[in-house]
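S.K.: Put together the whole structure using the sequences plus the hints.
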Amino acid sequence: MTVMEQRGAYRPTPPPAWQPRTDPAPLLPDALPYRVLGTEAAAEADPELLRRLYAQLVRGRRYNVQATALTKQGRLAVYPASTGQEACQVAAALVLEERDWLFPSYRDTLAVIARGVDPVETLTLLRGDWHTGYDPHAHRVAPLSTPLATQLPHAVGLAHAARLKGDDVVALAMIGDGGTSEGDFHEAMNFAAVWQAPVVFLVQNNGFAISVPLAKQTAAPSLAHKAVGYGMPGRLVDGNDAAAVHQVLAEAVRRAREGGGPTLVEAVTYRIDAHTNADDATRYRVDAEVEAWRAHDPILLLERELTERELLDEQGKKAAHEDAEAMAADLRARMNQDPELGTKDLFAHVYARPTTQLLEQEAQLQAELDAETAGPEGAGR
Amino acid sequence: MTTVALKPATMAQALTRALRDAMAADPSVHVMGEDVGTLGGVFRITDGLAEEFGDDRCTDTPLAEAGILGTAVGMAMYGLRPVVEMQFDAFAYPAFEQLISHVSRMRNRTRGAMPLPLTIRIPYGGGIGGVEHHSDSSEAYYMATPGLHVVTPATVADAYGLLRAAIASDDPVVFLEPKRLYWSKDSWNPEEPDTVEPIGRAVVRRRGSSATLITYGPSVPVCLEAAEAAREEGWDLEVVDLRSLVPFDDETVTASVRRTGRAVVVHESTGFGGPGGEIAARVTERCFHHLEAPVLRIAGFDIPYPAPMLERHHLPGVDRILDAVGRLQWEVGGR
Ligand SMILES: Cc1ncc(C[n+]2csc(CCOP(=O)(O)OP(=O)(O)O)c2C)c(N)n1
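As they're listed, the protein sequences go chains A and B. Residue numbers for the first sequence, in my numbering: 1 to 381. Residue numbers for the second sequence, in my numbering: 1 to 335.
Don't read these hints as lab results, they were simulated from the structure. What you are looking at is a predicted structure, and each value in this text was computed from that prediction instead of being measured. Glycine residues also receive a C-beta, built at the ideal position from the N, C-alpha and C atoms. Be aware that one or more of the hints could be misleading.
[Claimed, not checked] Here are a few chain A residues that face chain B, going by a calculated C-beta distance under 7 Å: (1) Asp135; (2) Pro153; (3) Phe191.
M.R.: So, in C-alpha cells, the structure goes:
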C-alpha cells in the first residue's frame, strides 16, 4: 500500500474528550450588515436617542469640514477626516457610560469630541503641538493612537484590570479595516476572548487603508468573521446607519458589562474624503463609487427617518446646524491663536525625575535660548 | 542591632523573593507572562506566586509578547503595576513596537498625565549553552530608547534591591536578568533582605588604583576575577558595576577613572553600536585630561550570538580583559 492510500484509509476522529470550547453557531448572526433606519426596527428606537445622534452627526460633519479648512490655512499639520463615517464615531461615544473608556485611532477625533473632550485639545496632536492635548483620565479617553492596532491590547488590559478591581467598566476600541491585518489586532482579540475581558472592538471598514482596498487586505468573507476563530461574537452592521451602529454597540457593551466577554463589530462604511488632506484619492478610486456612497450619507439616512416620523422639523434642523456652526466658529477662533510652546516640556516628562543627563541638556538649550534673546552683542563674542 | 544570619542564596531565589515581597506589599502588583503561573516560569523565578496570590495576580497569558506588554500597558493605565516576564531575550522582540511606541513614551506624550509603572523582566545574555535565540544581549536597543530605565543586577543582594526598586518605580523599567548568574550564590539574608537600592547608582565592587574596569551584569564576576589575576602582573584594578545603564551614573564612573587614569569597558553585547561605545565616549568627554590612554572596549564580537559550542570564544573572558589592560600604554604613565 502506498502512503497516499494509507492516508485515505485513515480517518482520524478526535478522542472523545475533544469538544468545541464554545458553540460556534451564534458567533456570527448577521449575513448582511444590520440596519435599523428605514426598517421596522426603527419604530422601536428611542426618539430622544435619534435626536441626540442627529445633533452629533451634524456637529461631526461640521467639525470635519472645519478641521480640513484649518489644514489649508496651515493651522493643522494634517487632518484625517471621517466624513461619511460620522455615524460610527458618534455611536461609539454615545454608547459609553461615563466610567467607560474609549481607545481611539488618529481618525477618531469625532468620537473623542462627542465624548466631551475639548475640540481644540483633541486636535493638539494633529496641529503638531504637544502629542496628546488632553488628560486621558479626565474623560477616560486614551491618546489618539498613530501606530495601527497598538491601542487594542491597551483596551483589553484596561478592561481586564477594571474587572479585576471589581469595577463594571467597559472599554471600546476603534480601528480601521487595514489595521485588522496587524499582529496586535490578533493578539488583542485573542487576549480579550481568553480573559473574557469587557471590551468592544469597533472596526470601521471604510473601504481603504490609504490606497489599498479591502480585497487586498484580507481574504476573509467579512471582517466580522474574524471574531469566530477567537470564540467571540462578530457583528456586521451598516456603518452609515447611526441607529443600527448604536444598537449593535449597545448590545455589545451590555454583554461585556454583564460578564459576557468581548465582541467584534464591523461597521461597513465609506471614507468620502481622501485618507488625509495630503492624499490624492483620485489615484486609486473612481468618482462613481464615491457618489454612490454619498447617496447613503449617514446624516441623510437619519434625517429622512426623523422627518418621516415627525421627530424633526425645520426648526430642529436649524437648531442642530446653528449649534454646529457655533462649535466651528469657536474652533476657528481658538485654533487661530498661536499655541504657547514651552521648551521645558521637552525634558520634563521623560521620566518621573529627570536624569542628570536631561538636566544638562535642558541647561544647554536654555543657554542657547538666552543667547538668542540677548542677540549678537549679548552673546559676548 | 540584631545580627542577621547570612545564608548562601542564589540570584534566582532573591528575584523570587523580591516579586513575592512586592506582591504582598502592594495589591496592585501583578505578574504576567508565558508559563509564569503553574510552572513558575522556565527559570522558576515566579515559583509559588500563583499559588500564594492566585491566577489573577500571577497570570499565565496567551503566547504573544506584544499582547503581554500591550495589555500590561492598559492595566497600568488603570492603576495596576504589572511585572511582565519575557521568556528569553530574543523573544521580547515581537513586543518592541509596544515598548518603543507606547511604553517608553506614554508619560511624555501625555505631558505627564499618564505614567506607566511597569517592569519588564528579561532573562538575557549568554554563557549557559543556550541554542539560537536564547543568549542575546539586547541592552543597547533598550538604552537607545528614551523613557525607559534599564537595569541589570550582578549580585544576589542587588537582584532583590533593584527588582523591588523597579517595581516601585513610576516609570517603565527594563529589568535585565543575567541568566548565567541565576544560580550564582552569595551570602544573603533572605529573612531581612537589604534595603532597596535607588535606580541609577553605580557601585565600586573592588577598589584599585591602576585602571578601572567599567562593567555590568554577567561581566561583573568576570571582571572581578580578572582583577584578581591582574595582581600577578602588578596591576591593581578597580571594578565599577554600573547596575543601571539608564539612568547612567556619570559621577561614580568619572570619579573612578579620574583616580586611575585608565579605563576598559567590558560587556558581552556587540562592540559596534554597543553600550561600550557610549560609555567610552562619556568617559573620554569627562576625563580626557586625566586619561593616560584611550578608553578601550572588550565586548562580544560583532556577530549574531554564536552556537553554544563556540560561545566561549565570543564571550569576554579574563585573558581578553588582561590583554586590554596590558595595552593601556603603561610605558607612558610608568608602572
Ligand atoms: C504600524 C503602522 N504601519 C503603517 C502606518 C501608516 N499608515 C497610517 S494610516 C494607514 C492606513 C490605515 O488604514 P485603516 O486601518 O483602514 O484605517 P483608516 O485610515 O481607513 O481609518 C497606514 C498604512 C501606521 N500608522 N502604523
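S.K.: Would you mind marking each hint as holding or not holding in the structure?
M.R.: A quick look at each hint next to the structure:
1. Asp135: At 4 Å from the nearest chain B Cβ, A:Asp135 passes the 7 Å test, so the hint holds.
2. Pro153: This interface hint holds because 3 Å falls under the 7 Å limit.
3. Phe191: With a closest approach of 5 Å, the A:Phe191 hint holds.
In summary, this structure violates none of the numbered hints.
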